[in-house]
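Trainee: Spelled out from the first residue to the last, the chains are:
2 protein chains.
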Amino acid sequence: MVKAHQFQEANKQRFLDELFELLRIPSISADSSYSQEIVHCAESIAENFKKSGLDGVEICETQGNPVVYGEKIIDSSLPTILVYGHYDVQPADPLELWESEPFEPIIKKTELHPDGAIFSRGSADDKGQFFMHVKALESLIKTDSLPCNVKVIIEGEEEIGSVNLEEFLRKNKDKLSCDVVLISDTHIFSNQVPTVTTGLRGLSYVEVTVEGANRDMHSGLYGGAVPNPINILSNMIASLIDENGRITIKGFYDKVEELSPEDRGEINKLPFNEDIFKNSIGLKGTEGEKGYNSLERTSIRPTLDANGIWGGYTGEGAKTVIPSKAHAKISMRLVPNQDPQEITRLFTEHFLSIAPKSVKVTVTPFHGGKAYVLPSSDPGYIAAKKAMEKTFGKETLPYRTGGSIPIVSLFEDILNAKSVLIGFGLDSDAIHSPNEHYGLFNFYKGIETIPYFFQYYTENKTK
Amino acid sequence: MVKAHQFQEANKQRFLDELFELLRIPSISADSSYSQEIVHCAESIAENFKKSGLDGVEICETQGNPVVYGEKIIDSSLPTILVYGHYDVQPADPLELWESEPFEPIIKKTELHPDGAIFSRGSADDKGQFFMHVKALESLIKTDSLPCNVKVIIEGEEEIGSVNLEEFLRKNKDKLSCDVVLISDTHIFSNQVPTVTTGLRGLSYVEVTVEGANRDMHSGLYGGAVPNPINILSNMIASLIDENGRITIKGFYDKVEELSPEDRGEINKLPFNEDIFKNSIGLKGTEGEKGYNSLERTSIRPTLDANGIWGGYTGEGAKTVIPSKAHAKISMRLVPNQDPQEITRLFTEHFLSIAPKSVKVTVTPFHGGKAYVLPSSDPGYIAAKKAMEKTFGKETLPYRTGGSIPIVSLFEDILNAKSVLIGFGLDSDAIHSPNEHYGLFNFYKGIETIPYFFQYYTENKTK
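Residue numbers (the working numbering), protein chains in the order written: chain L, -10 to 452; chain W, -10 to 452.
Honestly, the hints are just simulated from the structure, not real lab data.
One or more hints might be untrue.
No copy is singled out in the list; a pair is fine if it fits within one copy or between any two copies.
In silico DSSO-like pairs for lysine-lysine, Cα to Cα no more than 27 Å straight-line [stated by the list, open to error]:
| # | residue 1 | residue 2 |
| --- | --- | --- |
| 1 | Lys346 | Lys273 |
| 2 | Lys(-8) | Lys40 |
| 3 | Lys349 | Lys267 |
| 4 | Lys308 | Lys349 |
| 5 | Lys164 | Lys346 |
| 6 | Lys244 | Lys308 |
| 7 | Lys267 | Lys98 |
| 8 | Lys(-8) | Lys279 |
| 9 | Lys308 | Lys164 |
Chain L on its own, in the form it takes in the complex:
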């Protein structure tokens, strides 16, 4: 590892230059007018894989954007780590809110990044993060210190739901076989408090419609006697959460994982500060389930939120209409052991049961996702924690967060492998927003840490 680190130190500027080259390619997957840039980006990554010493480099076609593959197999008896990342990025809009060109990376210092941060679309999500793995691998390969087998897949459709990844994984199941999947596409608590993401909440998502009269009515002529879908939808949504912040759907909590006092204590070791949390998003106060703090409410507890609502007149001024229909999008964040399909069914039954007879209510389910948890006994978790403690010099804590990453379920289902989420970004990196950035400290700390993960994981699995 010493040699690898020396190699990294000697090549710091080149690593950054190479990343800048990738960041200059506007590989936006949501907009088909950028399809040439997607191809260009995949080719550029493949070239970099080869330069870095990876074998079997291949641009794998899919029904959509290609996946770039590379590997270094040194001994089939050793463990195999599959690195996953994505080279596609979010659109840069709204462009007018960027303080620099989104696809011309520059270094600027910020309060949280006194050593500077790379400002560019994709710097943190995910080019800057997957590229740490490529450069960590290069430092190991070029110094003959790779301790295990490594396979790398970098896909180009993560920002549009990884629509072709499942088929790719199924087709290449044997080729991609591995002991663990390593992903850097999340964030740590802070540069002073390193964390490994050990839990992601699942998701059940539905759209509901309440329909009254068969056309919009004049509120003067009909108001008072006809059911108003907006008022009724409001009543129904209001009734879904009680005065203690508990969801009222029958059976909703039946399978909720209750954490042991130890695990709950471990989560609460994070220096979460309610005031900082509130101030960072301009909140006057927090809300939520009684008996839990904000950190727990956003990580180990299930929730229900309306994500959108619409109906009636929404233009300027006043229009006295009682609409025929009102709609809402409602999602539930789930915790381990809650099954998204079962929760969607419970929601639907409950929601239809509380509908007044005067209206027609429909519930349309969208695709959900299972919650994910990496147990503290998992060798991947142990290796990640140890690697971060080695390079950060600080206790590394488990971190549960709310966003679901559907690919994690795919890896578990198809490759039968757990994912270790060892992201190095910060929550404040403005991913998906204007002025996305990624700290230089974080970029180099990732390159330094990843080899230790390889080492500790291999040691643990082979001892």
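Got chain L sorted already, so can you dock chain W onto it with the hints?
Mentor: This is chain W only, laid out in the frame that chain L set:
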């Protein structure tokens, strides 16, 4: 009156031809590209006034569209009736839903109009209705049987809120002085059940906003701890009406007019049928305040309705956002004695008082309107009832309906005159919608009835 009626019978076809001429002019006030047609329409009406025997005919300029004026003053000691109408019409969109050309009137028979109805934009609202007055006047003038003084104003901005009428009335207060205002811009219960509109509900209208975090949040990362403006707005709206359908705003019912058993009985003489009401608008059931039937709920009782709601993600598919803001438009229909400004103040105080501390709530009031009631003892009501009973040969009932007509307040405030709403349309005439029509029976019945109103009103006032 006999001579006048003979004149009408002899000129039936000409009256219709003249109306058709007016209907062919697309005098759409909401679209400035039709401003030439507005002028053309005003000129055409002025010509018709002159032909009909009115004096002092004038096209009065305003800041917007002109008002057409005409009068017949026969004796300053006799009562003066001011006839009001409007020559502007709603836009014809959506054009594809019209079964005939909107500005090329044709006669077609329908179930409710076995004698035929005039299909054209403006046929019922309001060209066909104000034109009845012009032709009724012509029949009285040409047969020397006008019993009182008459002034007529036909404005061109009713469909855009009569924005310049107040100034016109103030400037011409003396010229327009009168004992009563007569308006045909409403409907009767049915051709078998003639009615005089004796009550219009008032209106208080507000827009409310609930604001949580200072930006949209990811529901995975923040859900469960941050206040969700959609959920909170739903809770707040839900709490505004209790399980008995009563509005929970403190003081809301304090000044509500409670009808005498006699007046309530008179209103319930209308052959209102709950099943027909439901079926006509595809409803599975009605809702509303306990202790009242649908007819009462839509006429003599105040209501609260959300007219629009919006917030968060409303596009296709799923987006897991907790929005920064959610909004709603909320209106209250008011009954006599409820003051719109006071009700808006009570709403605002109540709504702010129920807001959770975690969010910022704002209430923006829009222009409201007072309720209107024409007492059964009013000479205008008595004359209208008697006139309709004379020509329909049926008991004529008082009819209260929900829509407010702001000009009625203007006439009361500026001219100190009550308005008598003696409309002859049907609720099913599809005003403001494609295929607007007006029954031939209704058109001619109006021309026949109006002279009796003049006669009975004059007799009543001079005896």
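Trainee: Hint by hint, say whether it matches the structure.
Mentor: Hints, verified against the model:
1. Lys346 with Lys273: Between. Shortest inter-copy distance 7 Å satisfies the 27 Å Cα cut-off; intra-copy 39 Å does not.
2. Lys(-8) with Lys40: within (19 Å within a copy, 107 Å between copies)
3. Lys349 with Lys267: Close across copies (14 Å), not inside one copy (40 Å); limit 27 Å.
4. Lys308 with Lys349: Classified as both; 24 Å inside a copy, 25 Å across copies.
5. Lys164 with Lys346: The answer is neither: 56 Å in one copy and 56 Å across copies each exceed 27 Å.
6. Lys244 with Lys308: between (46 Å within a copy, 25 Å between copies)
7. Lys267 with Lys98: For Lys267 and Lys98, the Cα distance is within 27 Å only inside one copy (24 Å; across copies 66 Å).
8. Lys(-8) with Lys279: neither (53 Å within a copy, 83 Å between copies)
9. Lys308 with Lys164: neither (62 Å within a copy, 34 Å between copies)
Violated hints, listed in ascending order, are 5, 8, 9; each of the other numbered hints is respected by the structure.
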